[in-house]
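If you're matching them up, the sequences are chains A and B in order. If you read the first sequence in my numbering, its first letter stands for residue 1, the second for the next number, and so on. If you read the second sequence in my numbering, its first letter stands for residue 1001, the second for the next number, and so on.
Treat the hints with care, as some may be off.
[As the list claims (entries may be wrong)] Cross-link-like lysine-lysine pairs, in silico, DSBU-like; alpha carbons within 35 Å at most: (1) 6/A to 1186/B; (2) 125/A to 88/A; (3) 78/A to 99/A; (4) 1080/B to 97/A; (5) 1186/B to 60/A; (6) 1029/B to 1104/B; (7) 97/A to 1029/B; (8) 1186/B to 125/A; (9) 60/A to 125/A; (10) 1080/B to 99/A; (11) 99/A to 77/A; (12) 99/A to 6/A; (13) 88/A to 99/A; (14) 60/A to 97/A; (15) 1186/B to 62/A; (16) 1080/B to 1170/B; (17) 12/A to 78/A; (18) 1029/B to 99/A.
[Claimed, not checked] DEER-style ranges, computed between Cβ atoms: (19) 20/A to 1049/B: 20 to 30 Å; (20) 62/A to 1108/B: 23 to 33 Å; (21) 1041/B to 113/A: 44 to 54 Å; (22) 1049/B to 113/A: 29 to 39 Å.
The hints are simulated quantities; they were obtained by calculation from the structure and are not laboratory data. All residues carry an ideal CB built from backbone N, CA and C; glycine is no exception.
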Amino acid sequence: MPLMPKRVKYRKRQRGSNRGVATSGNTLAFGEYGLQALGRGMITNIQIEACRVAINRHMKRKGKIWIRIFPDQPYTKKPLETRMGKGKGNVDHWICKIKPGRVLFEVGGVPESGSREALRLAASKLPLRTRFIQRRIHD
Amino acid sequence: MAAEQINLSVESRETIGTGAVRRLRSEGKVPAVVYGSGREAMAIQLEEHSFEMLLRDHASEYLMIDLSVDDGAASKVLLKEVQHHPLTRRVMHVDFHEVQMDHKVRVTFNIHFVGTPNGVTLGGGTVDFHVRAIQVECLPGDIVESIDLDISHLDVGQHLLAGDIELDAKYRRMTADQVSIVSIAKPRVAGEDDDEDTGAVEGEEGAETGEEAEGKEESDAAGPAGVE
Chain A
1 MPLMPKRVKY
11 RKRQRGSNRG
21 VATSGNTLAF
31 GEYGLQALGR
41 GMITNIQIEA
51 CRVAINRHMK
61 RKGKIWIRIF
71 PDQPYTKKPL
81 ETRMGKGKGN
91 VDHWICKIKP
101 GRVLFEVGGV
111 PESGSREALR
121 LAASKLPLRT
131 RFIQRRIHD
Chain B
1001 MAAEQINLSV
1011 ESRETIGTGA
1021 VRRLRSEGKV
1031 PAVVYGSGRE
1041 AMAIQLEEHS
1051 FEMLLRDHAS
1061 EYLMIDLSVD
1071 DGAASKVLLK
1081 EVQHHPLTRR
1091 VMHVDFHEVQ
1101 MDHKVRVTFN
1111 IHFVGTPNGV
1121 TLGGGTVDFH
1131 VRAIQVECLP
1141 GDIVESIDLD
1151 ISHLDVGQHL
1161 LAGDIELDAK
1171 YRRMTADQVS
1181 IVSIAKPRVA
1191 GEDDDEDTGA
1201 VEGEEGAETG
1211 EEAEGKEESD
1221 AAGPAGVE
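So that you can see chain A by itself, here it is in the shape it has in the complex (with noise of 0.2 Å):
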């Protein structure tokens, strides 16, 4: 089941603008590694869920993955070949609105090469530019 929220107070909601930097979310906060969004855009439920399969595939069960994002924009789209107006169309699916600088997925308990390789595929499932990051590591 992809990601959306449990109940919301109005059904459909505008979309406004997206505008700026990420000024929180921006970086590691659980895992060792993560994706973070270099690009702005908007990430559906179901882009999201296609990534945490491909983490989870990759890592073979293996370690943890945290999801940063969360989609709690309503999107809604009208039938097709369906005149316009009528009044607005149903809840097609949800979106979250992404900034640059926004850390996506977070991966931990995993080598490096393998962390890498589960957030590129991640990767190449958004519509988005993104790129790896990892902790400071001072021995």
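Put chain B on the given structure of chain A with help from the hints.
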């Protein structure tokens, strides 16, 4: 890891305001401020490249620095805050706190985890790091970059609390004793959740496992908050 002597010479800054500091950054300088010890806050500027090299050489951003303004006498300051650009990670602004060496300060020590837990090598578990730094009160001269914590003896199901970290008498731990630092989680058992689509997932904003989400959706289906 003992603290070393770090010298930094900076220039005083006359210009303030958004436009002025933007021009400053384009010249390769970083706006900063120094305050504390009853003195007036003073605007200063420093070389970006040399400061970034300094940060790169140290594990922590809590450093004691001998700061000299306009080649004057050096004063002991604590690197209080470094603001980075969210995307480029470039240093945007620095706060220096002038401290008295006989007054205690609260700082954050990074925890350096040493060893691989037995629960991982033998038991096949995974390490969950809950906290990677603790807050400590100490004299400015005793500040260290990180403290070592041996986790090699931990087995599956065991954990370490903040109270288990042994510190010298000169340090006073401000993080509560019950705060969990690290634990060794059980290995995921095949058959428990065979389908990879229901893998354990945690999210900052409440992402849940697939099974939980499905159950809740069914129960909510009749509610007025349905989306379709």
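Hints and how they fare:
1. 6/A to 1186/B: At roughly 30 Å apart (the allowed maximum being 35 Å), residue 1186/B and residue 6/A satisfy the hint.
2. 125/A to 88/A: Distance of about 29 Å is within 35 Å: holds.
3. 78/A to 99/A: 27 Å, holds
4. 1080/B to 97/A: At roughly 33 Å apart (the allowed maximum being 35 Å), residue 97/A and residue 1080/B satisfy the hint.
5. 1186/B to 60/A: 15 Å, holds
6. 1029/B to 1104/B: 31 Å, holds
7. 97/A to 1029/B: 33 Å, holds
8. 1186/B to 125/A: 30 Å, holds
9. 60/A to 125/A: 19 Å, holds
10. 1080/B to 99/A: 28 Å, holds
11. 99/A to 77/A: 23 Å, holds
12. 99/A to 6/A: 24 Å, holds
13. 88/A to 99/A: 27 Å, holds
14. 60/A to 97/A: Between residue 60/A and residue 97/A the Cα gap is close to 30 Å, so the pair holds against 35 Å.
15. 1186/B to 62/A: Holds, at about 11 Å.
16. 1080/B to 1170/B: Between residue 1080/B and residue 1170/B the Cα gap is close to 21 Å, so the pair holds against 35 Å.
17. 12/A to 78/A: Distance ~13 Å between residue 12/A and residue 78/A Cα, so the pair holds.
18. 1029/B to 99/A: 27 Å, holds
19. 20/A to 1049/B: 20 to 30 Å: Cβ of residue 20/A to Cβ of residue 1049/B: about 27 Å, so the range 20 to 30 Å holds.
20. 62/A to 1108/B: 23 to 33 Å: 31 Å, holds
21. 1041/B to 113/A: 44 to 54 Å: 48 Å, holds
22. 1049/B to 113/A: 29 to 39 Å: Given range 29 to 39 Å: holds, Cβ gap about 32 Å.
In summary, this structure violates none of the numbered hints.
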